[in-house]
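**Student:** Chain by chain, the residues:
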Amino acid sequence: MFHVKHYDVLVVGGGHAGTEAAAAAARRGARVALVSQQRSQIGTMSCNPSIGGLGKGHLVREVDALDGMMARAADDAAIHHRMLNRSKGLAVRGPRIQADRQRYRASIQRQLAAYPALDIIEAEVAALQYANGRISGVTLSDDAAIGANAVVLATGTFLGGRIYRGSDRIPGGRIGERPATILGQQLRSLGLPIHRLKTGTPPRLDGRMIDWARLAPQFSDSDTWRMSFMPGGARLPQLACAITRTNIATHDIIRAGLDDSPLFSGAIEGQGPRYCPSIEDKVHRFGDRDGHQIFLEPEGLDDPIVYPNGISTSLASDVQERMIASIEGLERAVITVPGYAVEYDYLDPRALDHRLALTAIPGLFCAGQLNGTTGYEEAAAQGLVAGLNAAAHALGLGPATIDRAAGYIGVMIDDLILQGVSEPYRMLTARAEYRLSLRADNAETRLSPLGIDWNCLRPERLFHVEQREGLREQLRRDPTTASEAPMDLAQEVEEDRRYAPYLARQAEEIDRMRRDGRIAIAHGEHLRGIAGLSHEMIERLLAASPRTLDEASRVRGVTPAALAALWLDARKRA
Amino acid sequence: MTDTIFALSSGRPPAAIAVMRISGPAARDTARALTGVVPPPRTATLRRVRDHDNATLDQALILFFPGPNTATGEDLLELHLHGGRAVVAAVERALAALPGVRLAQPGEFTRRALEHGRIDLVQAAGIADLLEAETESQRRAAVAASEGTISRAVLEWIDRLSIIAARVEADIDFSDEADVADDAAYVPRDDITALATAMGQVLDLPSVERLRDGITVVLAGPRNAGKSSLFNALLDREAAIVTPIAGTTRDVIEAPVIRHGIPYRLIDTAGLTEASVDPVERIGIDRAARMIDSADLILWFGAPQHAPARAIRLSGKSDISPVDPAADLPVSAHDIASVQTVWTMIEQRAGQYLGGDSDLALREEQRRLVAGCRDDLLIAAWQTDPLLIAEQLRVALGQLAALLGRNATEAMLDALFGRFCLGK
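Respectively, the protein sequence lines represent chains A and B.
With the working numbering as the guide, the letters of the first sequence map in order to residues 11 to 584.
With the working numbering as the guide, the letters of the second sequence map in order to residues 764 to 1187.
Please keep in mind that the hints were generated in silico from the structure rather than gathered at the bench.
Take the hints with a grain of salt, since some may be wrong.
Said to hold, decoys possible - Sample of chain A residues facing chain B (criterion: CB under 8 Å; computed from the structure):
| id | residue |
| --- | --- |
| 1 | Leu94 |
| 2 | Lys98 |
| 3 | Ala335 |
| 4 | Thr439 |
Positions of the beta carbon are idealized from the N, C-alpha and C atoms, including for glycine.
Please put together the full structure from these sequences, using the hints given.
**Tutor:** See the structure below:
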């Protein structure tokens, strides 16, 4: 077998994780190949048309602060803006936009094309290749091979993907696209901890048949905030969303259709997300409610398709049609693609480290839904970290990791690799113990300096970051200049001042965490040699494989006595 | 800055002597704050130990060892106190009130000794074996607790607090959803205060450790109310001198007694009065006030409406004085039947403390966490910024969850998704 070509980093998958991974690796100086089954689908939003939200908006801003693509693509495609929690403190404001799907995808593809060292290859990856226990590249389904020093897997729902709708079963990760079956089999055969999860999507409607006049509209914000910290072009025309509800008749139709629902027949083994339940789940679990809200979200400026947010379902197509027809305003709406559930393989993320590298196979990185998360933003943020570190692995650079005190990205990755998942993981602000200091508006202050250290900001961004930091410094010195400063910066500095006493208290906690984070502890079989560790503790530690005293302190059920024993052992070996 | 830590390094009081060790950068300041001087290094010095109100707590032998050539490698202060429980408790309170000084965690002195290279690795391995024993006993204790009423009570608190936290968090993380918007007017103050009150009631009960050492019954109230007469009648012997002169009992008098297999410490105190100018009597009165604070049960002879918590309100000298109808019980040392009734009430309370329906006695460690949680709740109740309420509730729930080894975030999320139909 000969290598057609050799890259520093090869990324498998062209979704939100894969594209950010490829771009991030390229920013760090790697030569990158992005391999996708269908070039035209790169940057596709598979499910809802929105980017951002609570917790998620924080992730988008953090990716942007490290010069990622998601926020700028969102700005390029936004046809509806909504700042959530507008009445509350900046720490929990959630910027969210509805994107024109085609424009979003086009923006991602355009941004990728601007990286000269990044090649896009349309092919199906069949298998990983190794040499001397390290990743050496991949083979494609046509038997060609591509060499790479590091590989990022960002396969989304495509590994072992299986679509369910009523009694139909279709192999695939998205409707109309093949699953990555052979690669999935190889990963299982390597003995990696792979299990199943499920998610779902609602039917899409032709908006031309919706009776908008009868429904309550929800208008776009009138002020002109942006997702990205970078300036950009003018806003697209803004569209309103509308709100309708299910009713008793809808619920009766759903209950009658449960017989051939794959969710209730036991056909699906994977756990679905509690915070994104299907409409049949909602009706079943909250049977006393007489209606559930549905947001009707337009999918584009030149596209009549509407996404009915709130009725994800895998009921049979005919049941879905009757269900839609029972809803106010949708009586005559036509379903263009029925909803479905998809069950897919995920890798227990406890097998990964903070770089999102698979501990067992040097050179292999994993990102996105494959790691048990849900959501575009969660995927993009992981892609960024995996890409930066895959480049570091290939080029012999230092690791790029973010801790819980520095960003939501750090909270998410730390949760994933230490706690694992029992349902698809979604970012929530409640998961961040340093929530008061991790704000969407200060992501640049928190993370861009790391980006400078890692050399992953391009010149235009770097200039912008340094200029804004200068303005911030001036505002901190002299608050009276606020009226001349950009409004977002003035607000950021003002909010820092407002929460200063609480931030100081958190700073102490953060110091303690970082101090314990520098104490490396024993792992693997070495744990069995430590006096004072009970069997139960050893099992818990083996499953989560913490590397530092700080990480061990967050492993569920690990006692203070066990931490003391780990610490003593660390001292002994130091 | 490293905290300065303290712990009792001798056995549990009561004992002839109690050695309190204080280690850390503030050891020198602690000596000055409590005894007025920093004694010359390694020289035993007799000094009065006073709290920050300048009240004398004890006469103690004090020793100061400047670091780094000390057991922990830090500045080290030793207080050799009289080994009574009240003295030790009072000194611990005075220490904890100093800035930068706190009670040591288990094994923390050893950890510091190792950190500063004062003990070697062989010694460290020996300590690890001890830790193993600790782990095992902690595990057993945790299992015992998880089957007991304590954990049922704590679980109930966790549930209540999780629901409050979930409603606050839902309004933050899911404010755009209709199900939450219906609930948005939620002001958690009343629910938080009610929960803090429930926790406070359990905190008012004596701790397991104290119950094991005997239930402390303190007789307190104004002068010449018949306290010492009842004290003697309860003991059935002349332990306290009884005279008709007000203020006869100028210090506290303690007597152990066992009834029906349960140990008690009966404590007679000086009559409470603000007016006394006699310095000896004043000290006695101060001590009486402290005894009331640390009592498990108080036989209260004062006005019923001024009774402290955990009191049985008595109307004394019932044979010669008018009986106060608001009191729980009329009593006279000369009326044997009334003395028996007092014992019956004491035993009923003891029964409640020791088991039966409200087996809610906390261990000191649990008490600290519950008290911390309660304090955080009281702060949360007065916040108005939902973010800061959420922050305070997160810390509070974390302390409760630590009692049972639960994950606080998960508990909150379970309550969140159980209560609200969330997600689009």
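**Student:** Next step is simple, just say for each hint if it's right about the structure.
**Tutor:** Results of checking the hints against the structure:
1. Leu94: holds, 5 Å
2. Lys98: holds, 6 Å
3. Ala335: It is violated, given that the least Cβ distance between A/Ala335 and chain B is near 21 Å, above 8 Å.
4. Thr439: holds, 6 Å
In this structure, the one hint that does not hold is number 3.
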